[in-house]
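Asks: Please put together the full structure from these sequences, using the hints given.
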Amino acid sequence: MMGNMTPELLMLTLSVVLGFVHIFAGAIARTAQYGSKWNVGARDGEMQRLNPVAGRLQRASQNFFETFPLFAVLVLIADAVNRHGLLTVWGSELYFVCRVIYLPLYAFGIPVVRTVVWTAASLGIFMILIALF
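No gaps in the numbering here: position 32 of the sequence shown is 69 in the numbering used here, and each next residue is one more.
Computed beta-carbon distance windows for the label pairs:
{"hint": "1", "residue 1": "N41", "residue 2": "L169", "range": "19 to 25 Å"}
{"hint": "2", "residue 1": "F170", "residue 2": "V90", "range": "40 to 46 Å"}
{"hint": "3", "residue 1": "V118", "residue 2": "F57", "range": "24 to 30 Å"}
{"hint": "4", "residue 1": "M42", "residue 2": "Q85", "range": "42 to 48 Å"}
{"hint": "5", "residue 1": "Q70", "residue 2": "T156", "range": "28 to 34 Å"}
{"hint": "6", "residue 1": "S159", "residue 2": "L113", "range": "17 to 23 Å"}
{"hint": "7", "residue 1": "V137", "residue 2": "P89", "range": "20 to 26 Å"}
{"hint": "8", "residue 1": "D116", "residue 2": "G92", "range": "34 to 40 Å"}
{"hint": "9", "residue 1": "G72", "residue 2": "F145", "range": "20 to 26 Å"}
{"hint": "10", "residue 1": "T152", "residue 2": "V110", "range": "20 to 26 Å"}
No lab work stands behind these hints, which were simulated from the structure alone. On a predicted model such as this, the values are computed, not experimentally measured, just so you know. Note that the Cβ used here is the ideal one computed from N, Cα and C, for glycine as well.
Replies: Here is the structure:
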């Protein structure tokens, strides 16, 4: 299915899919609150504050898209310079798995554990960075 794709590039590809999950989850939650007319409209008017779940999904998405570019660039650099090893594989897997876990933790409003998972995902990014030096 994925041909000669490295584990790191597979994690990057799956992270792109996860990015779409973030986008769709947030859009579904906002549309459920504001209605389909709002969804297809210009969205120019002032809107009421998002309900707690929709707000958490929006913040989780913003958080994902803050870290994803760093992860993506490092995976692509590692691939370009042919730097593959335990740090890059484990780092990319740690990032992806933790980001998958992070979304429902944030959506359900689970504190502390969410921060630990975010830290572990960030550690995955740092592992790839360290492997480049």
